[in-house]
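One line per chain: the protein sequences are A and B, in this order.
In the numbering used here, each residue's number is its place in the first sequence (first place is 1) plus 14.
In the numbering used here, each residue's number is its place in the second sequence (first place is 1) plus 2.
No lab work stands behind these hints, which were simulated from the structure alone.
Among these hints, one or two may not hold up.
[Claimed, not checked] Heads up, simulated DMTMM-like pairs for lysine to aspartate or glutamate below, C-alpha to C-alpha not over 25 Å straight-line:
| no. | chain 1 | residue 1 | chain 2 | residue 2 |
| --- | --- | --- | --- | --- |
| 1 | A | K181 | A | E213 |
| 2 | B | K133 | A | E106 |
| 3 | B | K212 | B | E367 |
| 4 | A | K138 | A | D149 |
| 5 | B | K7 | A | E213 |
| 6 | A | K141 | A | D195 |
| 7 | B | K7 | A | D119 |
| 8 | B | K7 | A | D136 |
| 9 | B | K243 | B | D229 |
| 10 | B | K212 | B | E88 |
| 11 | B | K207 | B | D229 |
| 12 | B | K240 | B | E194 |
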Amino acid sequence: MIAANPPATQRVVLLAEDVWKSYDDGAITVLRGVNFTGFEGETVALCGPSGCGKSTLLHLLGGLDEPDRGRISVNGKELSRHSSPLRLLRHEIGFVFQLHNLIPDLTLEENCLIPTVAAGLDHKSAKARLRELTDRTGLSHRLGSKIQKLSGGERQRTALCRALMNKPHILLADEPTGSLDEATRATVFDLLLEIVANEGVTLVMATHDRELAGRCARLIEMHDGRIREPL
Amino acid sequence: MIFLKLIVTNLLRHRIRSLISIAGIAFSVAAMLTIVTVLQGAVAMFSGILSSDSQIIVFERNVSDLFFSSVPSEAVQTISSWPIVEHADPVLFGIVSSSDHPIITCFGITDGDARLRKASWIQGDRSQFGKDTSGVVLGERAAEFMSTTLGNTVQIGHGSFRVVGIIKTANGFEDGGVFMPLSSAQSFFHKEGSSSVITIKLHSKEDVPKLKASVRRSFPNLVALEDEEFTRSYSQFKILKATAWAVGGCGLLLGGLGVANTMIMSVFTRIREIAILRVNGFSNSQIATMIFGESALVSVLGAVVGLVIGMVFLFALKLIPALHGYVDTSVQPLVLVIVIVLALMTGVAGALYPAMYAMRIRAVEALRFE
Numbered sequence: 015m016i017a018a019n020p021p022a023t024q025r026v027v028l029l030a031e032d033v034w035k036s037y038d039d040g041a042i043t044v045l046r047g048v049n050f051t052g053f054e055g056e057t058v059a060l061c062g063p064s065g066c067g068k069s070t071l072l073h074l075l076g077g078l079d080e081p082d083r084g085r086i087s088v089n090g091k092e093l094s095r096h097s098s099p100l101r102l103l104r105h106e107i108g109f110v111f112q113l114h115n116l117i118p119d120l121t122l123e124e125n126c127l128i129p130t131v132a133a134g135l136d137h138k139s140a141k142a143r144l145r146e147l148t149d150r151t152g153l154s155h156r157l158g159s160k161i162q163k164l165s166g167g168e169r170q171r172t173a174l175c176r177a178l179m180n181k182p183h184i185l186l187a188d189e190p191t192g193s194l195d196e197a198t199r200a201t202v203f204d205l206l207l208e209i210v211a212n213e214g215v216t217l218v219m220a221t222h223d224r225e226l227a228g229r230c231a232r233l234i235e236m237h238d239g240r241i242r243e244p245l
Numbered sequence: 003m004i005f006l007k008l009i010v011t012n013l014l015r016h017r018i019r020s021l022i023s024i025a026g027i028a029f030s031v032a033a034m035l036t037i038v039t040v041l042q043g044a045v046a047m048f049s050g051i052l053s054s055d056s057q058i059i060v061f062e063r064n065v066s067d068l069f070f071s072s073v074p075s076e077a078v079q080t081i082s083s084w085p086i087v088e089h090a091d092p093v094l095f096g097i098v099s100s101s102d103h104p105i106i107t108c109f110g111i112t113d114g115d116a117r118l119r120k121a122s123w124i125q126g127d128r129s130q131f132g133k134d135t136s137g138v139v140l141g142e143r144a145a146e147f148m149s150t151t152l153g154n155t156v157q158i159g160h161g162s163f164r165v166v167g168i169i170k171t172a173n174g175f176e177d178g179g180v181f182m183p184l185s186s187a188q189s190f191f192h193k194e195g196s197s198s199v200i201t202i203k204l205h206s207k208e209d210v211p212k213l214k215a216s217v218r219r220s221f222p223n224l225v226a227l228e229d230e231e232f233t234r235s236y237s238q239f240k241i242l243k244a245t246a247w248a249v250g251g252c253g254l255l256l257g258g259l260g261v262a263n264t265m266i267m268s269v270f271t272r273i274r275e276i277a278i279l280r281v282n283g284f285s286n287s288q289i290a291t292m293i294f295g296e297s298a299l300v301s302v303l304g305a306v307v308g309l310v311i312g313m314v315f316l317f318a319l320k321l322i323p324a325l326h327g328y329v330d331t332s333v334q335p336l337v338l339v340i341v342i343v344l345a346l347m348t349g350v351a352g353a354l355y356p357a358m359y360a361m362r363i364r365a366v367e368a369l370r371f372e
């Protein structure tokens, strides 16, 4: 079993300060004054019951949504003042979701190359990076396969490769193994930890799985839109 | 490459829907090409009648239709006497009918007219024209539909005429027409002492401005235009061309609505996929480019198929004996370019709303409901 590395440095890469978020014109408050700090290279698990705000916090940290109040900073830059949140999505942050969210009509290779197209990475470099990641994840023999032909574990590994294609510094994972069976879950999670450790990526992962969460360097409990004191 | 794959993949994903859109554009393009080409051919043929061995046409100022133009015989005599003029031929246009054909174009001309000189004589010869005021020359198709031959008497309108010749010309109007001596036509149409137009050939083209000025000065009631100038400015031609483009445009508009419908459906059924692209860093412009790319591909394929259908249809029209000579099926390159550009513009316009909708998709909302 691969254990999570402790943070390599104490440099703050993710910062949420008094973040509030609600939906339906304030009828449903999901986050209530959340404060969170993520350090470079560390692995953080966000645990808590469904609806406690884990996914919402990930979306806000990744610039997919905006808080009603409070501030989110990535690598020292406040998101609300960030000229282009796209730059974050293209170069600094990768996302992995519970469902793989791959495009079924494209091949594994084509799915993985999507972020490189968005970022304008040259094809040669993109292919080299793809080879590197698929070698590590054991998918190099499946490059030309359509997504429908892949197993659940292969799909989630593909999603992991895609998220890391542009060498992001931060990986936000929302229940990355939630749709997998127990054996596959362990394999994929081992791989996830191994790659983030090798690449020096900061991992923030929302999960219900206490066992997997326990393997992260830090576990944060969320409840009713708030973060409880670190365990 | 992935970008192109995304575009093609989406069109292939809903083949029937894509095919219907392509067919919509194709039939619109085919209709536009056919209508515009046929009408432009008709205009060219009519222009051809006027410009037969001539450079300038003189007609009554401010008439909307040459059939109503009245040019006095004195003008023909005066203009013919000018030294810069090689020949000036009066032509009187009239519409007559026979028992089977409600419309037959009638040309009142002199025996030296270029139409008779240049035609291939199938029966009879030019020397017989004008000898007898009741003698007419028929175009080959006119003789065909009147079921007559040389020496027969034919009933045209309220008069009876003897066929003194049958000619073949490349021009459909002329080939289906009746050529009468000018004096007979003047009498027949109650236009004694006048013609509809004078077609003029000069010794030197450089004298065109001089002739125009002379006509303006000597006959203020007449106007002289160069053939090309006339084709451009004649209101009947303008109306015909505008109608052709308008009808074709309506067809393309319908095709465009088909593309719009397809693209809207395409975006609505792909909200999640577009959200995935957004999470992976696709910008608004990249999303829009993808949507416009799809509609452009549909339009290009539709335009190509439409051009092929249009060409085949025009070719088929040409083979119909009744239309022989009436349909000029040679497609002008400019018309081709305009039709293709219009088809593309229609496709792009059809993708405007879908693209705007796609750009407004928020990844976080689309992905929340897994």
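A quick look at each hint next to the structure:
With a C-alpha separation of about 8 Å, the suggested pair K181/A and E213/A falls inside the 25 Å cut-off, and the hint holds. Between K133/B and E106/A, the direct Cα distance comes to roughly 97 Å. Violation of the 25 Å bound is thereby established for this hinted pair. Of the supplied pair hints, the one linking K212/B and E367/B is violated, its CA atoms being roughly 77 Å apart against a limit of 25 Å. Only pairs whose Cα atoms come within 25 Å are accepted, and K138/A paired with D149/A is accepted, the gap being roughly 17 Å.
About 30 Å separates the Cα atoms of K7/B and E213/A, which puts this hinted pair outside 25 Å; it is violated. At most 25 Å may separate the alpha-carbon atoms for a hinted pair to count; K141/A and D195/A exceed this at roughly 31 Å. With a C-alpha separation of about 10 Å, the suggested pairing of K7/B with D119/A holds against the 25 Å cut-off. Of the pairs offered as hints, the one joining K7/B and D136/A holds, with about 17 Å between alpha carbons and a cut-off of 25 Å not exceeded.
Distance hint between K243/B and D229/B is fulfilled; the C-alpha atoms sit about 17 Å from each other, no more than 25 Å. Taking the CA atoms of K212/B and E88/B, the gap is about 14 Å. The hint holds against a cut of 25 Å. Taking the CA atoms of K207/B and D229/B, the gap is about 12 Å. The hint holds against a cut of 25 Å. Restraint check: the Cα-Cα separation between K240/B and E194/B comes to about 30 Å, which exceeds 25 Å; the hinted pair is violated.
Checked against the numbered hints given earlier, this structure breaks hints 2, 3, 5, 6 and 12; the rest are met.
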